[in-house]
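Can you make the complete structure from the sequences, with help from the hints?
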Amino acid sequence: MTETLAKDTYMTTAIAGALRAAMAADESVVVLGEDVELSTIGCTKGLVEEFGADRVRNSPISEATVVGACVGAAASGLRPVMDLMFSSFFYVAMDQVANQAARLRYMSGGQVDLPLVYFAGTGPSGSAAAQHSENPHPILMHLAGIKVVFPSSPGDAAGLLIASVEDPNPVVFLLDLMLAGAKGPVPTDLEPLPLGKAEVKRSGEDVTVVAIASAAGTALEVAAELEEDGVSVEVIDPRTLSPFDWDAVTDSVARTGRLVVVDPARRTCGAAAEIIARVAERNWADLKSRPRRVTWEDVPIPFSPVLEEAVTVRKDSVRDAVLAGVEEKGAG
Amino acid sequence: MTAADNLELFARMARIRAFERKVQALFKAGTLPGFVHLYIGEEAVGVGACSVLTEADKITSTHRGHGHLLAKGADPKLMMAELLGRETGYCKGKGGSMHIVDYSLGILGANGIVGGGLPIATGSGMADRILGRDQVTVCFFGDGASNQGVLHEALNLSAIWSLPVIFLCENNHYTEWMRTEEITAGEIADRAEAFGIPGVQVDGNDVLAVRDAAAEAVERARAGGGPSLIEAETYRHHGHNEGEEVFSGPYRPQEEIDEWIARDPLARFRDECVKEGIATPAEFEQIQEREGDLIEAAYRYAEASPMPAPASALADLYAEAE
Ligand SMILES: Cc1ncc(C[n+]2csc(CCOP(=O)(O)OP(=O)(O)O)c2C)c(N)n1
Ligand SMILES: [Mg+2]
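Those protein sequence lines, which keep their order, are chains A and B.
Quick note, the first sequence lines up with residues 1 to 332 if you use the working numbering.
Quick note, the second sequence lines up with residues 1001 to 1322 if you use the working numbering.
Treat the hints with caution; some may be incorrect.
Simulated crosslink set (DSS-like; lysine-lysine; CA at most 27 angstroms straight-line) [what the hints assert, rightly or not]:
{"#": "1", "chain 1": "B", "residue 1": "Lys1028", "chain 2": "A", "residue 2": "Lys183"}
{"#": "2", "chain 1": "B", "residue 1": "Lys1028", "chain 2": "A", "residue 2": "Lys45"}
{"#": "3", "chain 1": "A", "residue 1": "Lys201", "chain 2": "A", "residue 2": "Lys315"}
{"#": "4", "chain 1": "A", "residue 1": "Lys197", "chain 2": "A", "residue 2": "Lys183"}
{"#": "5", "chain 1": "A", "residue 1": "Lys288", "chain 2": "A", "residue 2": "Lys329"}
{"#": "6", "chain 1": "A", "residue 1": "Lys288", "chain 2": "A", "residue 2": "Lys7"}
Simulated DEER-style distance windows between Cβ atoms [said to hold, decoys possible]:
{"#": "7", "chain 1": "A", "residue 1": "Glu297", "chain 2": "B", "residue 2": "Asp1293", "range": "25 to 33 angstroms"}
{"#": "8", "chain 1": "B", "residue 1": "Glu1055", "chain 2": "A", "residue 2": "Tyr91", "range": "56 to 64 angstroms"}
{"#": "9", "chain 1": "A", "residue 1": "Glu228", "chain 2": "B", "residue 2": "Asp1293", "range": "29 to 37 angstroms"}
{"#": "10", "chain 1": "A", "residue 1": "Asp26", "chain 2": "B", "residue 2": "Arg1021", "range": "43 to 51 angstroms"}
{"#": "11", "chain 1": "B", "residue 1": "Ile1160", "chain 2": "A", "residue 2": "Arg282", "range": "51 to 59 angstroms"}
{"#": "12", "chain 1": "A", "residue 1": "Tyr91", "chain 2": "B", "residue 2": "Tyr1318", "range": "52 to 60 angstroms"}
{"#": "13", "chain 1": "B", "residue 1": "Ala1321", "chain 2": "A", "residue 2": "Leu323", "range": "35 to 43 angstroms"}
{"#": "14", "chain 1": "B", "residue 1": "Ala1321", "chain 2": "A", "residue 2": "Arg282", "range": "39 to 47 angstroms"}
{"#": "15", "chain 1": "B", "residue 1": "Ala1321", "chain 2": "A", "residue 2": "Lys7", "range": "57 to 65 angstroms"}
Please keep in mind that the hints were generated in silico from the structure rather than gathered at the bench.
Values in this document were obtained by computation on a predicted structure and should not be read as measured data.
We treat Cβ as the ideally placed atom computed from N, Cα and C, and that holds for glycine.
Next comes the structure, spelled out in structure tokens:
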């Protein structure tokens, strides 16, 4: 799969490039969704010109049916990629996601492959308010039967998107909207990155920080700052949440003995809750201090900038959590 | 309709226009957070429909809701404060442009989810019916929303239970950047027929035509005659949302935009009124000035209002049990 992308590529351009490569490699890949021709977020830009209106289709605002149509089409020989625009709109189509896409293979005793991708921009993007700021990854992780990809860099996004399209299962591919304008290197020769493989974004010895999507960048900034204070932070980006690379996290905690999870989602039953529970099960004897988590508050995302900031992940909270874990006495 | 009634209709359209122009300027200046969808060009629909409602009647609105709310009597001060994310705003800064609500005025809410208001309006009508009130609910929705399955479910439910709901489709011909015709089968008004309810098309840039169509549907609903569907043909002068041009490029023919601007609902109504001797051009100018001042005052109020306290973000999630 060859696709030339510039060294300093926007996240959206990287995804569009990967999608173009996937469509070129396999004629059964089709793209559909509202405004995929002009592309509101930019990840389907240019595709209709290149692949034609048969394979790139603007759809009406009918999320339930279009999400479900992907299931039927995937069961019938196509590899649909649907752009839902905002992940909040999954809720409009939840039956087709949860009862159909995530269930049909298992319920049929494994008779059917459903190679499809639901793409969506996700998370707070600056006063988009409660119906355009969700991060539904914890709900999707809980479903079982649907994979969840949530990358933090353009390079990862490109490779993971190719793997998502090639995967024989339903995959939700989330673009953290805080990263839509982020840039980074993307390999000129696009290769699929395996789903279910975390990456250590920075090695360290004192504390493991597992940070999801845009939180990975925040954690890296904190790690760089704390290095000056003599604290060595390891930052792990899970990259895919389902399947999850548990070994990467537990191996790291086995060395550092400390864990902070930064999860851009509500606290209750978030991804952080599950990650900490697994570490408690596997690493109990390794832990030198209590695991900590930095998450949203348990409320919908409010509109006003001051309120949005108050309930979402802040850099100072990440720093405080890391220091609290390192300084805690008495445990372990 | 007295002369005063006519001027009242014009004044309300002028208020919406002035509000939206102010919002446009604030967005351009970078002082407005979040998404903004302007109603400029569509004022006759909201104003015509709400002019036949009582204060107890209700509406559900959309992401393009400023005009509906002002037409139903919302306070521009509290709206502007909400748009600026202030503590004094309608929703204490929690909602913003797409989520303004004033239950005391029967405004059940703007909505960020396309089609989100359709079931809610249906339930509002059900409550009025069961509780024996003679109120009606007007459900504003877009041509794009007409392709959500919930429209069909809401029409069916309202029809079988004879609910006092007026489904009012504002057909501005675009679903974001897509021409709605290209993603929609048949005429929207014709969908009424499938459910055995009245469906009409009306010139949405003619405030009196909208008012007449709404009056008929409201009267029928109040008398127990059940729901109606009205499709009002109109156009938004602005983009889908402010600031979109960088991403969308031009997607509507300039001649089409010009043609619709030439049919501007305010200018058109003013010219008709002047021709019929209802008022002079100077009187219309005075009205526009007065409404403009009102909006400037609303802005000053909003701007002088404090931001909400960060801790207030945790309030209002649940009601206390009594
Ligand atoms: C369920 C859902 N899908 C998609 C969107 C994104 N979106 C916001 S407005 C809009 C177009 C709505 O078109 P229409 O109903 O005609 O209203 P208009 O904007 O023309 O007033 C879309 C697709 C949304 N907010 N909610
Ligand atoms: Mg429209």
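Distance restraint evaluation - B/Ala1321, A/Arg282, Cβ atoms, bounds 39 to 47 angstroms: holds, 41 angstroms
57 to 65 angstroms as the expected CB spacing between A/Lys7 and B/Ala1321, which holds or is violated: holds, 59 angstroms
CB-CB spacing for B/Asp1293 and A/Glu228 relative to the 29 to 37 angstroms hint: violated, 56 angstroms
Given pair status - A/Lys183, B/Lys1028, alpha carbons within 27 angstroms: holds, 26 angstroms
Assessment of proposed distance window 43 to 51 angstroms (beta carbons of A/Asp26, B/Arg1021): Given about 50 angstroms between the Cβ atoms, the range holds.
27 angstroms Cα cutoff - pair A/Lys288, A/Lys329: holds, 8 angstroms
Outcome for the supplied range 25 to 33 angstroms, where the beta carbon pair is A/Glu297 and B/Asp1293: This hint is violated: roughly 41 angstroms between Cβ atoms.
Pair hint outcome, A/Lys288 versus A/Lys7 [Cα-Cα no greater than 27 angstroms]: Given pair A/Lys288, A/Lys7 is violated - Cα atoms ~41 angstroms apart, limit 27 angstroms.
Hint check for B/Tyr1318 and A/Tyr91 - Cβ pair distance inside 52 to 60 angstroms: With Cβ atoms ~20 angstroms apart, the hint is violated.
Pairwise beta carbon distance, B/Glu1055 to A/Tyr91, judged against the given window 56 to 64 angstroms: violated, 33 angstroms
27 angstroms limit on alpha-carbon distance, applied to hinted pair A/Lys197 and A/Lys183: holds, 22 angstroms
35 to 43 angstroms as the expected CB spacing between A/Leu323 and B/Ala1321, which holds or is violated: holds, 40 angstroms
Against the hints set out earlier in the document, violations occur for numbers 6, 7, 8, 9, 12.
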